[in-house]
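Novice: Going down the list, the protein sequences come from chains A and B.
If you read the first sequence in our numbering, its first letter stands for residue 1, the second for the next number, and so on.
If you read the second sequence in our numbering, its first letter stands for residue 1001, the second for the next number, and so on.
Incorrect hints may have been included.
Calculated pairs, DSBU-like style, for lysine-lysine (alpha carbon to alpha carbon, straight line, at most 30 Å) [claimed, not checked]: (1) Lys-1509(B) with Lys-1580(B); (2) Lys-1509(B) with Lys-234(A); (3) Lys-1580(B) with Lys-364(A); (4) Lys-1020(B) with Lys-254(A); (5) Lys-234(A) with Lys-1580(B); (6) Lys-1196(B) with Lys-1164(B); (7) Lys-1164(B) with Lys-1148(B); (8) Lys-1196(B) with Lys-1133(B); (9) Lys-364(A) with Lys-254(A); (10) Lys-1164(B) with Lys-1133(B); (11) Lys-1195(B) with Lys-1164(B); (12) Lys-234(A) with Lys-254(A).
Worth flagging that the hints you see were computed from the coordinates, not collected in a lab.
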Amino acid sequence: MRLPESQLAVLEAASATESISVDRLADNTGLKPETVTRAAFDLRDDGLVSIDETVQTSAEITAEATEYLEDGLPEVRLYRAAIDAGADTEPVQMGQLIGASGLAGPQVNIALSNFARKGYGSIDSGAVSADPDADPDTDPEHNALAGLADGETVADEDILAQLERRDLIVRSEQTVRSVTLTDDAVTALMEGIEVAETVDRLTPEMLTSGEWDDVEFTEYNVAADAPSIEGGRKHILRQTADRVKDVLVGMGFKEMEGPHADADFWINDCLFMPQDHPARTHWDRFALDVPPIQSVPEDLVERVEDAHRNGVGEDGDGYHSPWSRGFAEAIALRGHTTSLSMRYLSGYAGADIEPPKRYFSVEKVYRNDTLDPTHLLEFFQIEGWVMAEDLSVRDLMGTFEEFYAQFGITDIQFKPHYNPYTEPSFELFGTHPTTGELVEIGNSGMFRAEVLEPLGIECDVMAWGLALERLLMLMYGFEDIRDVHGTLCDLELLRETEVLY
Amino acid sequence: MPVVDVNPDELRRLTGKEDKSDAELKNDLFNLGLEYEGETEDGEMQLEFAPDRLDRLSVEGVARSLRYQYGDDRGVYVPNTNDADWVFEVDESVPDERPYVTGAIVRGVNLTDDALDSIIQLQEKLHATMGRKRAKGAIGIHDLTMLKGEVLSESSTANSITYKGIEPDGDRFVALDSDAELTPADVLAQHDTGKKYADLVSEYERYPAIYDEIGLFSFPPVINGRRTEVTTDSRDLLIELTGTDQWTIDHMCNIICYALDARGGTIEDVEVHYPHADGPYSESGAELLRPDFELNEKSVTHDAIEGMLGIELSSDDVVDLFERSGLDATYTLGKDVTYTVSVPPYRVDVLHAYDLIDDVGRAYGFNELEPTYPDVGTVGGRHERTRIEDAARASLVGLGFEDLLNFHMISAEENYDRMRIEPGTDSLGAGEPVVITGPYSEDYTQLRSWVLPSLMMVLENNTHRSYPQDLTEIGLAAKVDTDENTNVSEHRSIGAVLARHDATYEDAKARLQALCDDFGVAIETPAIEHPSFIPGRVASIVVDGAQVGVVGEIHPAVLVEHDLELPVSAFELDLAALNK
C-alpha cells in the first residue's frame, strides 16, 4: 500500500484501542491540525480509520472582562464605595458614590443596572442603599471570569449566559474529532505502507521523465473563490449593432458607407428639406468651419433646386422658401444617415441602382440636442431602404413587422406621421417587452416623388430610421445612456452587463 | 414637433360629441396622428403632432378634422365672405426685407375666454411653425372698433390702413403690456417682447409700421399697439399679416379665418394695394383681394392610389374617402380613372398627388391594412470597411482589451492641451482641427483628430474601478484636408491603452505586433519624439515606409493631468494600415 506522507504519519500516530484527538495527533506528528484533519478524512474514505465527532463549547473572556478582573466589576466597586459611605445604614446620593468609586463613562450605567439585579442594594430617587449582608468577595460572575481566565471550565450555564449578555465572554462551539484505527489499518500497517510523494504543480520535467505516474497531486480547495479577472469584450452597443446588422443582412440588405462631414446638399436638400426648415437652423445642426464642398453633380443640383422651387409632376407645387446653392454646399456633421441613402440612390456612391435593392447602415449621426439620460449629441442611426417596382405601404408594414419580430417586438402599430421626405409616413410604436409601455421605435415612409425624381429613380423606395441606442435601452433596460456611450462611461457597468444574444 | 393644448370640453362641444370619454377622444386623436402627451395644469390635453397639418394648431381645427373622421362633415367647406370695406394700402417706403401684407376682417365673433385663449394659442403656434418664429410671417389681430380708417376718396366709402416703413425713431406709440409712449427703437431696447424679437428687424434701414387715421397701431413683426388690443368684449376684428412670402402669410391668414369662422365670425374681404406690380409684387400683381379662399386642384390616378395602399377600391369608395378627408373629388370614367381633387385653402401640406393618397390612407385607416412581406429577392452583405473594423476589434478583444465607444466630438483642450501636443505640428494626433461653427457646449467644439485622448478620459473617469484597465476603441478621427471633396479627411483609428501597475513599452508593442501579425502586416518602430509619451520610450509605427501610428509609454505629465496614479502604455494605429 502507498499513502501520502501525511496520511501515513497520522496512521502511525493513531491507535486501534484509543480514540486520539486531532490536536494530539498534530502534536505527535508535527503536522498542522488542518492537515491532520484532511488526512484523517481521506483515511476514513479508504476505510483505514473511524472518526468520532463531539461538539465542545468554550468561552473566552473579552478585553472588557480582563479590565474588570483587574479593577473589579463596576457594581462591586459601587457597593464597596457605598459601604464606605455608610449606605448600609442611610441612603447616600448617587453622585457622591460615583465620585468615590472612580466609575466613569458607560461603567456608571453598567454598575447601576447590575447593582440591584445582584442584590447589592437598591436605588431610589437617586439615592443608593446598600445591603449589609451582601458579600462582594464571593461574586459568582467575578469568580467565573477569574476561572475562565485561568483556563478552567465553568459549568453553570446561567452564569455563562449572563456573562455573554454582558459582552464579558465570547462563546464558541468546536467540533473535536478523534481518530481510531480500523482493523484494515492494523493489517496494512503490519504489512508495511510506503510513502507516496505529493506534488503541488505538474512540471514539464515530470511529463518527459514519466515521474507523473508515481506522484500524488496535492488536492486543492476547488470550491474556493478564484481571484476575479476582466476579459476583453466587445462594447455592448457594438454587440447590439452587430445583431441589427445580422438581421438586416439576413433580410437581404447591403451595407452603405459614407462621410460623417458632408454637404447640406446630401444631408438635407436631396431629401426635400426646405432650407428654412427648423431642423436646418444653426440651433439644431453642427456646421463646420471648413470651405464648402468642392463638387456636387451639377445636373443633380439643378434638379433638386427645381424640385424645391417648383415641385415635380404636372400639378406639383414647390416650397415657398428661399433656396441658395451656398447653403446646399456648406459642410456640416450629418443629422441623419439618410445622406448615405441619397448618395447611394443617386448612383454617386458608385452603387448599381437597378431595382430591386435593399441597403442599410448602422452609423453615427449628430444632433445639437441637450445631453441628458436619453439624448446624446451623437448616436447611432439604423437606416434602411428597399427599392423595387410597385411597393405599397403594406410591404413597408410587412418588412418592419419582420424586422422588429427579431427583437421580440411583435405588435407594431403604425401612426400616420409627416416627414418632408416621405409620404405616406409612419411612426412605429411597439410594446416594451418588459415594462409593457407603448414606445416609439422608428420612423418610416415611402420616399416622395420630389426626392426620387431628381435622383432619377423611377420605381418605389421605402425607408426607415431608428436610434440604435433606443433599441439598446429597450433590450437592456438601461436608464442613462451616458453610462454606456462616451467618455463618462462606467467600466464596471460595461464589465458586468450580461451578454445578450 | 408642435404641441397644441386642447380643452377636451371645447373639443366635445365643437365636434358635437358631448358623450365621448377622454379615452375615446385620445384614441380618435391618435388615429388622426395627434399623440396625447399629458395634460396642462388646467386639465387641457397636450397633443403632439407632426408639422404638416398646421390647420390643427387649435381646438377649432382639431374639431374640424375629427368631424370629418366621424363622417359628420364631408367634402370641402369654404366660408362665405362679404365684400371688402377696408383697404390695406402699402406705401413705397415699406421695408424691402418685408414687403408683403395680407389680412381679413372678421365680424360678430363670440370671444369667450376659451375662444380668446384658443385664438391667441393659434397665433403663437403659427408664428413658431409656418411663421419661422415671425421671420417669415407675423400675425396681428386688432379690435376693429378701435381703428379709424382713412377715407381714401370722396367717391368711396372704403376705409384704409397703411403699411409703410418708418425711421427707427420716426414715431411713438404705446405697445401692448406697456404704459409709455415709445418709438420702435425704444421698444426693441426696453420692452420685453421688443427685446425678444429685436434681431428680426434691427438690421432694417426702415422699420415696418401700420397706420390708421389716428396713427401708428402696429409694429410688425414685433408687437401691436395697446389701443387695438383684443379682449373678450371684442366682436369685430381686423387681422393683418406681414412677411417675406405672400403664399405663406396668405395661408396663415386662412387658418386663422377658418378658426374664427368656427367661432361664429363672418369673414369680410379686404383689398391689398401694393404700390406697383414690379419687383417683389411681380407674381402677385398690384391689387389683391384677401383672404384667398380659392381651392387648389390636384389630380391623381386610381392606379396610383391602389398601388400605394396595396388594396383594391371602387371609384366611389375613393371619392367617399376623399370627402371624409375634407376634400372634393370628381373622376373621369375610362381606362385610366383619374381623380380631380379640390383642396381647401387651409391645407398647406398638399404639394403632390402623394399627399392626397396619404389622406385616402388615413381616412381608410392605415392600421386596417394587412402587412405583407415584399416578394423581392436581394442579396445582403456587409461593407468591407466595417468588416475589417470588426476583424481588428475581434483581434484586440482576443488580446484582452475591453472595447469602448466614445464621442467623435471633443474639446481642443482634451484633444491637444491635456495630451501636451499643439495643433498643426507633426506629431500624430496634431492635425488641423475640424472645428464646429459657434459650438454651444465647450466640451464639444471639434472632431477628435485621434482616439487616445478619449481613452485617457475614460481612464480618468474610472480611477475607482479595478485595474488592470486595458482599453481599446476603433473609431472616427478627422482633420482638415483640402485634398478631400468635403475638405475633411475622415479615417478610422485604433487606440489602445494598458493601465496597470507594471505597464511598459513592451506590453503595448507586444500587443501591437500581435494585432499586426493577425493581418499579416509587418511593422517597424523607429524611435521618435512625441510630447504625449516619455522620451526614449516612444516609436513611430511604420508600414511599408509610411508612418501609420505611434506606440509608447504615456508621459507622466499626461498621467498626472488625468489624475492617474499608475503607468499607462499605449498605441494608436490607422485602421487602413491593416488593409494590405
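Novice: Each hint needs a verdict: does it hold in this structure or not?
Specialist: Each hint, compared with the structure:
For the given pair, Lys-1509(B) sits about 20 Å from Lys-1580(B) by alpha-carbon distance, which is consistent with the 30 Å threshold. For the suggested pair Lys-1509(B) and Lys-234(A), the alpha carbons sit about 21 Å apart, so the restraint of at most 30 Å is met. Taken as a hint, the Lys-1580(B) and Lys-364(A) pair is honoured in the structure, with Cα atoms around 26 Å apart against an allowance of 30 Å. With a C-alpha separation of about 49 Å, the suggested pair Lys-1020(B) and Lys-254(A) falls outside the 30 Å cut-off, and the hint is violated.
Proposed proximity of Lys-234(A) and Lys-1580(B) is supported: the alpha carbons are some 24 Å apart, at most 30 Å. Restraint check for Lys-1196(B) and Lys-1164(B): satisfied, since their Cα atoms lie roughly 22 Å apart, inside the 30 Å limit. With a C-alpha separation of about 17 Å, the suggested pair Lys-1164(B) and Lys-1148(B) falls inside the 30 Å cut-off, and the hint holds. Pair hint Lys-1196(B) plus Lys-1133(B) holds up; C-alpha atoms about 11 Å apart against a cutoff of 30 Å.
Note on Lys-364(A) and Lys-254(A): the hinted pairing holds, with a Cα-Cα distance of about 17 Å set against a maximum of 30 Å. With a C-alpha separation of about 22 Å, the suggested pair Lys-1164(B) and Lys-1133(B) falls inside the 30 Å cut-off, and the hint holds. For the hint pairing Lys-1195(B) with Lys-1164(B), the CA-to-CA distance comes to about 22 Å; that is within 30 Å, so the pair holds. A threshold of 30 Å between alpha carbons decides the hint, and for Lys-234(A) with Lys-254(A) the separation of about 23 Å falls inside it, so the pair holds.
Against the hints set out earlier in the document, a violation occurs for number 4 only.
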